[in-house]
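Each chain, letter by letter, is given below.
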Amino acid sequence: MKIPLSWLKDFIDLDGLSVEDIARKLTLAGLEVDEIKYVGLPMPVYQDGEKHEFKTSGIAWDKEKIVVAEIREVNPHPNADRLTLLDLFDGQQAQTVLTGAPNIFHLKGQGKLPKPIKVAYAKEGAALYDGHAEGLQLMTLKRAKIRGVDSYSMVCSEKELGIAEDHEGIILLDDDAPVGMPLADYMGDAVLDISILPNMARNANVIGVARELAALTGRELKKPAIKFKTSGDSIDKLVSIEITDPELNPRFVLGLIRDVEIKPSPYQIQRRLKLAGMRPINNIVDATNYAMLELGEPLHAFDYDVLKERAGNKNVRIITRTAKDGEKLITLDGVDRKLTSMNMLVCDESGPLSIAGVMGGAESEVYDASKEVLDAKGIELKAGATPQGKISIRGRSTTTILLEGAAWNFINIRRTAKQHNLPSEASFRFSRGVHPALAEQGVKRGLQLMAEWSGGNIAPGLVDEYPLKPKDSVVEVRPKDVKRLLGIELSAQEIVDLLERLEFKCKVRESEIGNRKSSKKTDSRLPTPDSQITVTAPPHRLDIGQGTIGLADVLEEVARSYGYDRIPETRMADALPPQIGNPVNEWEEHLRDLLVALGLQEVVTYRMTSVERESRVIAHNEYVRIANPIAPEKSILRRSLAASVLDALEKNIHLSESLSFFEIGPVFEPLKNDLPNEPRRLAVAMTGLRDAAAWDMKDSPALDFYDMKGRIELLLSGLGFTDISFASTDSVNYLHPGKAAQVQVNGQAVGAFGELHPLVREKYELGDAPVLVAEFDLEILRGIAPMYAIAPVPEFPPILEDIAVIVDESVAASRLEVLIRQTGGKNVTNVRLFDVYRGDQVGAGKKSLAYSLTYQAADKTMTDAEAAAIRNKIVKRLEQEVGAKLRS
Amino acid sequence: MLDKLSEIEKTALDALGSVQDASSLDAWRVAQLGRSSPLMQVFSGFGALSKEERPIVGQAANKVKAALEAALAEKTEAVKRSALERSLSGEKLDVTLPGRTIHHGRLHPSTQQLRRVLSILAEMGFQVYTSREVETDEMNFQLLNFPPHHPAREMQDSFYVEAEGREENPVLMRTHTSPGQIHAMREFAAMNPKDPPSIRIALPGMCFRYEQITARSEIQFNQVEGLAVGKGITFSNLKGTLIDFAHRMFGQNARTRFRASYFPFTEPSAEMDVECFVCGGKGCAVCKNSGWLEILGCGMVHPVVLQNGGYDPKIYSGFAWGMGPERQLMLRYKIEDIRYFWGNDVRFLEQF
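For the protein sequence lines, the chains are A and B, in the order given. Taking the numbering used here, I'd label the letters of the first sequence as residues 241 to 1128. Taking the numbering used here, I'd label the letters of the second sequence as residues 4 to 355.
Excised from the complex, chain B in its bound form (with noise of 0.2 Å):
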């Protein structure tokens, strides 16, 4: 009987060893650990063993048992670690396959430009303030130090509005979001007209001036205006300020100049140049070899503004700047049409 049991145990092995799957396992337990299994009918025929035999057979029968037991589960974990092998190697991606994508949003570039000059802008205090599209000539010029026929009128040609009866102040779609200075500081000295406040503001907004459509020139486009008045602001601030600004808005080192320009509605003018972020100021097609990009207008408000806005100019003082959005885009991302931005062409708006 002992002999038959280690017949029964080595069969029993021999038969695990060309085992390979849980389904070929499966039946190997059965046949080997099963109620009919050669090992279950030794137990089973204990009741025909002598009473000397029991113990012994009884005790190499468990041996026998508890040996199979363990290469069962010996087995069971090795055909588990292989059929994991293959699948996880059966299950291999091509990584290189194109990702599901899905159909998302963006902001119009003018947009998303605007808000990063308005934040920038709303740090150093200076609140949006929005005003019409469709103004008068007197908002629009008058008001502004532009009287009529005035040789800078030239340089904003006007859409006109037709409009009866207003030969003496025409009805026109704002050249400049500057006629939002006027609104601002009545508004602003409305709120104590003997002592009126300080102004920070920044006045976003479409202009129009008549050109012919090109890869250069728009009708319309853009401008964000900044307006500080106070009293004691002086040019050493507009300085100070426009220099913060361009920091933030170009880089701790963008390095910038000014020079001395012509605004009707300032006094005294300049125009900021920073250092050609292209070329890095060696000169390039971008900045026209000068090595400075023109990047804003600016100027001390012109006593004829600050009185029409209600500002004593003998207290009062202040200063502005004006930019174009689109024209920072096209300069930061070398866009040589500026037809692209009304164009509202996909292909040009995913770039963004």
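Next up, chain A with everything else stripped away, as it sits in the complex (with noise of 0.2 Å):
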């Protein structure tokens, strides 16, 4: 919402007060300064280190070269057609310039003119926006010669001086402009945008700022007075109203205004409404707007000798109701809408009029004959798109006016709104809530405004249809609420104070405890935190609740009117809670921990993907699907963690020489009537070379099987298990048959890895170079509770044996190991393998196992013949189980 500070001022006197102090004001209140644009009044000036507050723009205009000068004749250029000289008053001299201004054009040779006309002249030196320039470029206005006539000055165009952006001719102010005044204090100004937040949508409105601005600066709100003189019949003689819902339509107002000349409005509204970001149409239009921008209730103007002709001129009817499906109208954007039983409209008995609150109908719509323009949006009517043909009285103005005011359902007009794609400024207010009380304000600040600038005469009274009055709000406050939820110890007295400030009606009653204690008579201004305060809403508000809601609400005014920054800063002082801690979360992040001290880099991806991207790894039946996906690659949620961090690799496949990802996080299971399951899994995929390749070492070997299983076996011990367990499986579909395991702890099977089979790596661009996947039940893995202790430290040496054993190819390493261990006892205390051959030497379908024994005893120092003993033993045991022989 772009707020002129010129227009501020009407209502409030901020005297003393720079820009800055006023954007600060609101901005802590909850009404954001986005951004302050200067338009002529002097902007602040940052010393080197000096702090910013906001973001700015605009431009100051120089009070000594730019100031208001009359036109008291328009010549013609002695070398140019197209350009006129201008003999123009600056308030001390004469001066000659040259435009090349269209609008002042039709005066070339007229002579002294009857009435000089008023404008900005800016003079030799003032720095300017360049008019002809793309976009918004400064200048300094320099001596030149052009066409042969000396130019050092000149009058400006809206552009020129940061208006807007109309560079079509130069600005004609108003007549009562004083000649001589420099331009800034004449119509200086600085425009405020503020952020409307969605429960503040009272404050979309000028009156609305300076009513908080009333309310942080202990200053008076000056509203508008309005008072005018009727003449003629009274309009409930002319026109009824007949409200079909009204929860959806709670008030509906009219005022009429007859004898209306439509034209231009006065410039410095004209000004206003631009520096407001609205395009002046004319002065009945404006009107609507001005009066919108200031109080906040949007207004539509009909044209009422269209309606009275509909009506076969007998008295108009207006009706409000919902649209019948398929029922048409064209707007005044001249669009032919299709309606749906959703859209509130306003009809008359011959058909709709208007979309309620949200968009007028073309053909009953202010018409101004001098121009082939109608609509706000200032977009031509298409042939054929207005019904013109049918009113017998289109091709002149409109004369009478018809002014509606009203109150909608919020929540129906923003529905129509967002449904026919039609934001607007009426349509911005009204899907927030405009309290109906406006619709009667509004209406009359409307006719006001029409009268004071078109010459009409405004008829006596209002129809006024109003049969659902919104409940006041009524919210009892005690100082002690203030206390118990503000923390500060605020009197009744300051309390009312404050908000009374933003017209909350208050009223004290003394608690009869704090009565009885004291029979003297209390001080109000004294902390009396029993006694209660009856709180009513203002008229303008629909956002304060009843009960403990209302007292949120009202206490939310008192702490903001108050002012933030002087609530003090304490620390709580409550019991303690009860400590639950989150013992998932902790294990994921121990889990975090270990898999990058393996090396890994930890990616996240996206929840959400499709299926065909994850059925490259695994299909399900089922997924939980997204009902309004922003693209089809992101349609349903993922069910496979492998796939994903798969997908990540794959990204980065040409980026390093060695790729090692991990995932934590859940995947969704869909489940019939209820909320889907989401398990935590862990993800690995691996791919690369093994070593970091370095200057002087190259070709390391690439990372494969039993690279990831060396990981597993560390993250699995770095948990705190000791039964660890792996077994090939042909039956995780991804995987290589031949190159995957199934890892088992405690005997529990917790996950699988493997090498990532071939026909899937075939659907990605994955380079040469084995692909190692494994994917973990994290639910599963958290639920097995670790059992293991410290061993103790041996003291006394160990001997250290190598044997080597020959097996058939069938016989699995890990057999091997666990009849060593078993067979060796305690006094065998580690087993590594540390070759394996085949070939010639041991034949085919054979293989050689080397390994190299520990063998060591807590209590004493081992012997060679107790080592022997031992190695005899194991040699016999694998030689009974496995046929395994002794390698020589």
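Treat the hints as calculated values from the structure; they're not laboratory data. This structure is a prediction, so every number in the text was calculated from the model and none was measured. Don't take every hint at face value.
[Claimed, not checked] To give an idea of the interface, some chain A residues facing chain B are shown, with a C-beta separation under 8 Å as derived from the structure:
#1 L437
#2 Y706
#3 N822
#4 K891
Cβ coordinates follow ideal geometry from the N, Cα and C atoms, glycine included.
Mind docking these for me? Both chains are given alone in their own frames, and the hints should help you get the complex.
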């Protein structure tokens, strides 16, 4: 919402406050100023190192060099047909100024003007925007010769002064502009661009902002005095209203003004509208917009004569109702709109006139015969789009206005505006809630402005249907509530003062206890924690609730009005909470640390993916599906974390010689009639070189199955597990059937890993090296309690011995190790496989496994003979169990 | 004979003078002190000397031997020292060659930032509380005081999940971690429904909003919320706690300010700004010339939310706040494209 400072000053005295002071106060109170645009007023100059507070833009007008002047005569240029020479008085002396402005060209050569034209005059050296440049380029006005005539000054367009983008002609000021006055003093301005929070729709208008400022500064809010004369027949003899659904249309107010002359609004009004971001149209449309920007009540002006003609010259009956499905209306932007039963309409007896609160219809719109442009956006009605043909009076300008101010259901307006994609200043306000009390004020203010700017005569009275009055919000507030929730001690009177500034009505009732204790007259300035304040919300607010909610609503206003910055900072002092911790999260963080220590990079991927992407790895029948995906590749929630991590691997495959990724997170399993399961998973994917390349070390082998396995072993032992086993598996479809293992901890399957299946890897771009993938079910793994104790460090020296045995190819290495450990007992403290050999020396179908054994006793130094005895037992056992032969 | 001995000594010492390395030193030792050296031959020729000559020659020969041995020891030391010097000067490395690296792991930047935030909150007494990512409209909105069609819902466009027969209470991806406030309050309240205990929790987790994926907006992002509920918790406590947090997070001198704001589930609501740590508050592109950075939204827990959590708003009060770890990282490291976070490009991840 763009608020010109000059407009604010109509309603509050801001003397002594800088633009930045005002912006700061508003920002801290929740009316965040996004930007300050200076349009003439002096801009703050920041010294080096000084702090900025706001994003600023715009231009200051030099008081010496840019002034109000008057054109007395428009003369031809001796050498150029399209240029004129102005005979101009700047308050001190006469000047000759050259211009090409089209909007005074018609006065060329008429001699002395009967009424001088007031303009914005810039002298040599003035800083202005370049009117001819693209965008906003600052320039300094320099002396030049144009077609043989000396030019040293100019009359300005809005673009040159930074008021608007327009460079169509020069600004023609209102007749009462004082010649010689610095333009900055006459109409220098600054525009505050304020973000309106959803609960502060009441402040989406100039008076709303002024009211906030009044509360924040303790100054007086000066509301506009709405007074006007009326004449002729009263409106209730001409027009009636029928509201069919008060829930959707709680109030409808109409006023009438006759004999209006449609013409441009006064320049100062046009300027304010432009600064506020609206386009001036004519005095009638401008009056509706001006009243809306000022008060917050959107208004709609109908051409009364069109309605009368539609009614067959009988009384006009306005009916508000929902549309019939398929009903149509040509809106004032020329679009033929198909309506649905949700849309609220303003109709007469022959059909719809406008989409309530959103956009007017073309037929009954205010018509300016001197212009082809009709609507607020300046879009010309396309031929055929307007039903002018049906209405005989079209072709002459509107003279009688029926002015609507209404209250609508904000949800309904919101949905309609969204459905027809018609965001407008009106629907912005109505879709956030406008208090029905404003309908009457708005119509009156609109009529007043129309009369002022168009010379019209206001008909006596209003037609006002008000079937559904909102309930007054009444809230009981005690100083001790303020203390309990805000932490500040305020007396009842202080609270009342803060609230009354925002137009709350307050009534204080001293507590009986307080009165009994003290027979003296109570001083309302003293803290009176039990006294009760009955607070009634003002008739422009719909955001104050009842009971405890109302209390919170009112306390927010107390806090804002008091100033958040004045509330002291304290630490909590209530009872400490029960300590429940978060073992799941703590365990996962430990897991992350272990994985990082193993050289793995954590990735975080999208939860949303597509069936196509995920089924490259694994296909499921059911997925959790997104009803409104932003893109087809984000249409389901993942079920495989391995697929997500492989995607990340693929994206990086050309970026690094070696990639080792992991991710921990949920997958989503659909459930019938319930929210999906969100089990946590760990996925790991690795590919590339085992060792980092260095300048003197090349050709590292590629990572393979055993690199992955080693990391998994370290990970699981890091988690405190000792009973870890691996079994070959061919049941994980995306893994190579001969290079995959299922992992068991304490006999429970917790996950699987292995090399990616060649058919799966074909679907990826993953280079030539083996790709290793693992996925673990953390729900299971987390459920297994680690059981381990730290062994004492041995005191006696070990005996180390290597033995190699030849076994059939089919014998698993793990089987041999188990047998060695079982047979060796506690005195064999380590068994390490250090070589696997296949070849001529051991024969076909055989392999040789070489182990390094550590013999060690806890209580003495072991002798060679004792070690040999154990070894013999082991060899014998291996021979018996798996037919192993000791290799000599 | 004595002349011969002095001749031997002179010759040997002269020869030693030209010895430079260990092998010629050894050759010298063999030639001058070895069994067949002239000196040793003098010793072995003792038998041919007269009784009178023997002690004189013997003494002289021993003296020569001692002199040669001393010279040998000295030379040995010198040769060793010069050999060491030669080898040291020959073993000079180019210390500017790159070091040998290893493939090492890192946490994702979001995890790193979450840990920073959560560890501070843990020290302040806020325990981590996690909850599900797919939620109902009721948990995500209605119980948090966002009625259907409420304007504030437009600030949080949602991804809906296909589910039949749930028009009244659709299933969606949570748009914030706040449903966890309800889960947590109900869980705590269940411990003692008559007199529920106080709560201090931090709610981290992934959230989802229907946005186009651009440099500035993402469909998923992490959030950390804090929640304190108890008897007598005030807005003044909110300020004190969050300023404490800001000092831990951004430095003990970090300046803060509280601006009134609006969130449906808190009232009064505020935004806490921290003085821009990029420019020190002077105004820059990061803070859009305001000198302040929006760091978190906060407020007193709305009475409706307390009630829905099982806490009587007439007795209990509390505050909550929320912030974005990715946004904090973007501000801190001047990251201009939010898509980097889930892009998982190693060239981004390796910088953390």
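Hints, verified against the model:
{"no.": "1", "hint": "L437", "verdict": "4 Å, holds"}
{"no.": "2", "hint": "Y706", "verdict": "24 Å, violated"}
{"no.": "3", "hint": "N822", "verdict": "4 Å, holds"}
{"no.": "4", "hint": "K891", "verdict": "7 Å, holds"}
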